[in-house]
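Number of protein chains: 2
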Amino acid sequence: MAAWGERLAGVRGVLLDISGVLYDGGEGGGAAIAGSVEAVARLKRSRLKVRFCTNESQKSRGDLVRLLRRLGFDISEGEVTAPAPATCLILKERGLRPHLLVHDGVRSEFGQIDTSNPNCVVIADAGEDFSYQNMNKAFQVLMELEKPILFSLGKGRYYKETSGLMLDVGPYMKALEYACGIEAEVVGKPSPEFFKSALREMGVDASQAVMIGDDIVGDVGGAQRCGIRALQVRTGKFRPSDEHHPEVKADGYVDNLAEAVDLLLQHADQ
Amino acid sequence: MAAWGERLAGVRGVLLDISGVLYDGGEGGGAAIAGSVEAVARLKRSRLKVRFCTNESQKSRGDLVRLLRRLGFDISEGEVTAPAPATCLILKERGLRPHLLVHDGVRSEFGQIDTSNPNCVVIADAGEDFSYQNMNKAFQVLMELEKPILFSLGKGRYYKETSGLMLDVGPYMKALEYACGIEAEVVGKPSPEFFKSALREMGVDASQAVMIGDDIVGDVGGAQRCGIRALQVRTGKFRPSDEHHPEVKADGYVDNLAEAVDLLLQHADQ
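Chains A and B, in that order, are what the protein sequence lines are. When the first sequence is numbered by this note's numbering, its final residue is 290 and no position is left out of the sequence of numbers. When the second sequence is numbered by this note's numbering, its final residue is 290 and no position is left out of the sequence of numbers.
Honestly, the hints are just simulated from the structure, not real lab data. Take the hints with a grain of salt, since some may be wrong.
Since copy identity is lost for identical chains, a pair holds within one copy or between any two.
Claimed, not checked - Below are the DMTMM-like pairs computed for lysine to aspartate or glutamate, each with C-alpha atoms no more than 25 Å apart in a straight line:
#1 Lys180 with Asp149
#2 Lys69 with Glu166
#3 Lys180 with Asp134
#4 Lys69 with Glu205
#5 Lys157 with Asp124
#6 Lys157 with Glu197
#7 Lys69 with Asp282
#8 Lys269 with Asp225
#9 Lys69 with Glu181
#10 Lys64 with Glu148
#11 Lys157 with Asp44
#12 Lys180 with Glu164
#13 Lys157 with Glu47
#14 Lys157 with Glu26
#15 Lys167 with Glu279
#16 Lys167 with Asp262
#17 Lys69 with Asp271
#18 Lys157 with Glu99
#19 Lys64 with Glu166
#20 Lys167 with Glu113
#21 Lys167 with Asp271
#22 Lys167 with Glu267
#23 Lys167 with Glu181
None of the values given here were measured: they were computed from a predicted structure.
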């Protein structure tokens with residue numbers, strides 16, 4: 021593999037995944053990953069532009085930012101690209117009224133959306149709310165529509181909490197796709213539209229950006245398909261087999277965000 | 021389409037799906053489909069051999085047969101081919117110890133199976149027991165195995181109860197397949213092994229048998245791939261679009277089991 025100086029040449033902006041990179045969720049809100057609070061602070065003191073690009077869909081952006089600030093992170097709502105607000109824009113543009121299968125924590129993001137007489141379904145990481153009854157209700161709504169439309173906020177397979185691996189929204193999206201014989205529209209990583217909106221909001225071209233994430237497919241593969249370089253951290257849901265993934269090869273693997281920031285501050289365009 | 025006489029020539033044995041053909045499940049056990057009790061009785065008085073071939077995986081065979089007898093059907097346990105007993109045979113043959121994600125009603129079928137220190141997962145139509153917590157536990161067991169093995173008792177998309185369409189085991193199988201990056205082994209229709217064991221138990225060759233079911237893919241498509249003719253009934257989960265299915269064309273469509281039996285008694289090999 022090329023030297024880091026070559027791999028990081030010309031980087032001007034950094035997209036940071038949140039869960040598994042900044043912190044691991046869990047009991048009592050979760051815990052910061054060692055070194056990540058300082059790493060974000062150092063990055064923000066540099067000339068590099070920084071934006072947080074998350075598939076978090078259990079919490080509103082406000083709640084997520086409050087949690088991260090409590091853990092010590094320097095982060096504000098305006099710096100976060102998240103799928104729920106992006107979905108609201110799409111629903112408004114297309115005049116769609118969703119049946120929501122989402123966690124109560126993110127419901128406030130849909131406060132301005134008409135949910136009467138639904139003509140589509142939106143699912144997010146609903147956690148415990150992925151009960152059989154709630155899944156069956158979403159299924160029945162879809163089956164009653166002439167052209168069923170399903171939005172999924174991300175399609176992650178699982179994430180890591182302090183207590184272990186947890187099923188994410190992706191498996192439930194697949195369940196409804198199969199049950200109804202349809203294909204969901206994914207809002208969030210790895211959707212190219214989502215990365216592009218994060219780049220726009222950061223004001224940096226794809227070729228000058230790097231994504232740092234723990235998900236080899238959603239973060240690394242998704243970013244690379246948009247022409248964004250991508251590093252995988254060995255924290256969060258990282259598994260050693262990711263470094264031999266059959267389809268995706270990161271531009272670099274680092275132990276954690278702290279190491280990624282060390283390398284960026286040494287080698288990126290300052 | 022050819023005349024019924026031609027389509028049913030040489031039939032000596034009839035495989036009957038149960039849910040959606042004999043009865044629709046639901047509150048208080050469900051309700052017999054009009055004409056089906058008499059149709060089964062007429063079939064059994066004829067020279068045709070009859071076997072029940074079901075993907076029912078919420079109830080033990082004993083409970084299913086008791087329910088059907090209460091609804092008036094002439095049926096006994098020994099006449100039923102069902103996925104739970106077939107799975108037990110496979111587990112014993114391969115020395116596998118399952119983690120069970122199944123409905124309490126079918127758990128007794130696995131009474132003789134060692135479930136300590138599991139090295140595979142078995143899922144069935146668990147209904148309300150498809151909670152997030154139970155799905156996550158099955159997922160975690162699979163992720164801890166070096167070579168995850170998942171058995172699914174059928175892969176139906178949904179079935180019809182008196183109260184409406186209900187998610188079957190298939191969508192949950194797809195969820196775990198996606199979460200773990202694996203492919204499940206299906207025990208039940210449309211698996212060819214399952215149809216073959218039903219034929220063996222009935223003592224009739226594939227070319228002399230006809231399957232009657234409400235599932236265009238699981239019943240009709242599955243049987244046809246084994247060389248068994250198949251009729252779809254317009255009861256249970258049947259939807260008008262099934263008659264224009266892109267991949268599967270039944271050998272005939274009938275309004276219900278009563279009509280199928282009328283035709284068989286007129287045209288099959290007596």
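Checking lysine 180 and aspartate 149: alpha-carbon separation at most 25 Å within a copy, between copies, both or neither? both (18 Å within a copy, 23 Å between copies)
Within, between, both or neither: lysine 157, glutamate 26 at alpha-carbon 25 Å: Cα proximity of lysine 157 and glutamate 26: none, with 52 Å in one copy and 44 Å across.
Give the relationship of lysine 167 and aspartate 262 under a CA distance limit of 25 Å: within one copy only, between copies only, both, or neither. between (37 Å within a copy, 16 Å between copies)
Checking an output row: lysine 167 and glutamate 279, CA cutoff 25 Å. Within, between, both or neither? Neither, since 48 Å and 33 Å both go past 25 Å.
Are the CA atoms of lysine 269 and aspartate 225 at most 25 Å apart within a copy, between copies, both, or neither? within (21 Å within a copy, 52 Å between copies)
My question is about lysine 167 and aspartate 271: at a cut-off of 25 Å on alpha-carbon distance, are they close within one copy, between copies, both, or neither? neither (41 Å within a copy, 29 Å between copies)
Identical-chain pair category, lysine 157 with aspartate 124, by Cα at 25 Å: both (16 Å within a copy, 23 Å between copies)
First find the shortest C-alpha distance between lysine 69 and aspartate 271 inside one copy, then the shortest across copies, and answer within, between, both or neither for a cut-off of 25 Å. within (19 Å within a copy, 65 Å between copies)
Treating 25 Å as the Cα threshold, decide for lysine 69 and glutamate 166: within, between, both or neither. Cα proximity of lysine 69 and glutamate 166: none, with 45 Å in one copy and 41 Å across.
Between copies, within a copy, both or neither: which fits lysine 64 and glutamate 166 at Cα up to 25 Å? Answer is neither: 49 Å inside a copy and 41 Å across each miss the 25 Å cutoff.
Please sort lysine 64 with glutamate 148 into within, between, both or neither, judging by C-alpha distance up to 25 Å. Answer is neither: 36 Å inside a copy and 48 Å across each miss the 25 Å cutoff.
Given a CA cutoff of 25 Å, do lysine 157 and glutamate 47 count as a within-copy pair, a between-copy pair, both, or neither? Answer is between: at 17 Å across copies they meet the 25 Å cutoff, but 29 Å inside does not.
The structure fails to meet hints 2, 3, 4, 9, 10, 14, 15, 18, 19, 21 from the earlier list, while all remaining hints are met.
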